[in-house]
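Q: Sequence:
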Amino acid sequence: ALKTRQALGLPSDTTDTYRLVNGEGDGLSGLAVDVIGNKVAVIMSSAAWCQVHQPTIMECLQAVLPGHELIWKTTAARLRQDGMEIPNDDDEDDDGGDEAESLPIVGMENGIKFQTFPHLKGQKTSVYCDQRENRWDVAQLSKGKRVLDLCCYHGGFSLNAASHGATCVVGVDSSEEAIETCVKNAALNGLQDTVTFVKSDISDYMKDCKSTFDLVILDPPKLAPSLSGLAKASRKYHSLNRDALKLVAEKGGLFMTCSCSAAMTQKDGGKFFLQTVQQASLSAQREITLMRVSGAAPCHTQSPVSFPAGNYLTAALFYVHAK
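Take any residue in the sequence shown, count from 1 to its spot, add 2: that is its number in this note's numbering.
Bear in mind the hints are in silico, worked out from the structure with no lab data behind them.
Remember, it's a predicted structure, so these values are computed and weren't measured experimentally.
Please note that the accuracy of each hint is not assured.
Mimicking DSBU-like on lysine-lysine, the simulated pairs with C-alpha atoms at most 35 Å apart in a straight line are [stated by the list, open to error]:
| no. | residue 1 | residue 2 |
| --- | --- | --- |
| 1 | LYS186 | LYS115 |
| 2 | LYS238 | LYS201 |
| 3 | LYS234 | LYS75 |
| 4 | LYS41 | LYS5 |
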């Protein structure tokens, strides 16, 4: 896994936050490791063998990542499927925990600095480095454009666009904590005068928005956790994409829309999601042309033969024609 990331040029002078181990993609089912800021490594365990061999895993990681703080996190629900019961995070030693949780670790991606909170309880790392290359692609297309970033989380797309010449960037997210972090991240990069962040449900924002944009990014959270929820999720994807397309400038522009639901990404070999966007464009009365389809950053290695669900992320870039 280490050699694979080194082959990708990770870490680098501009990116020090990346996935070092990606489960099945690295032949280590149930184990994921994110490196943040060349300071912290967050280990996510979702298989019984990881728990059994935790001391060995920690020892190996300390050897290949000397000087890094190692944080072990677990996915309790999946471990229970393996017949394991683990203590809740609340039962663990909390000495100094509240202070540690509140201290951010600064990572860097594509030259952009951002705060992360890996000490927070829960199984996630607060880092979504799977979109790194897609954010870079957006950055290359942003010069001189007005950009709208829907479901901006910690501002990854927004800040990449602003740092590469976007004239105006608006990021929208329903989480107050996410917006507060976005504001701090903008200041970290000296971009506070270019980017505005808005706390709002994106559906409400899109319905009330009177402005249009040259580039719109839609990156919602997972809407279809499983195949059983796909029908309901597809209706939500349709409405979100329809309303987002309406905010692309009448003269034409770019639209990047994403799905991080494996059920959506894999349905009909990836065609289902694209067809959903196409149907949404008809409802929005906008003509679209598909320019590119991409997935997770290459540090999220895949083994499609043994674990097809590793292909979970779709990022589709469209040109939206003039009305």
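Q: None of the hints should be skipped; say for each whether it holds.
A: Against the structure, the hints come out as follows:
1. LYS186 - LYS115: This hinted pair holds, its Cα atoms lying about 10 Å apart.
2. LYS238 - LYS201: Measuring from Cα to Cα gives roughly 20 Å; hence the hint holds.
3. LYS234 - LYS75: Status holds; Cα separation ~31 Å.
4. LYS41 - LYS5: holds (19 Å)
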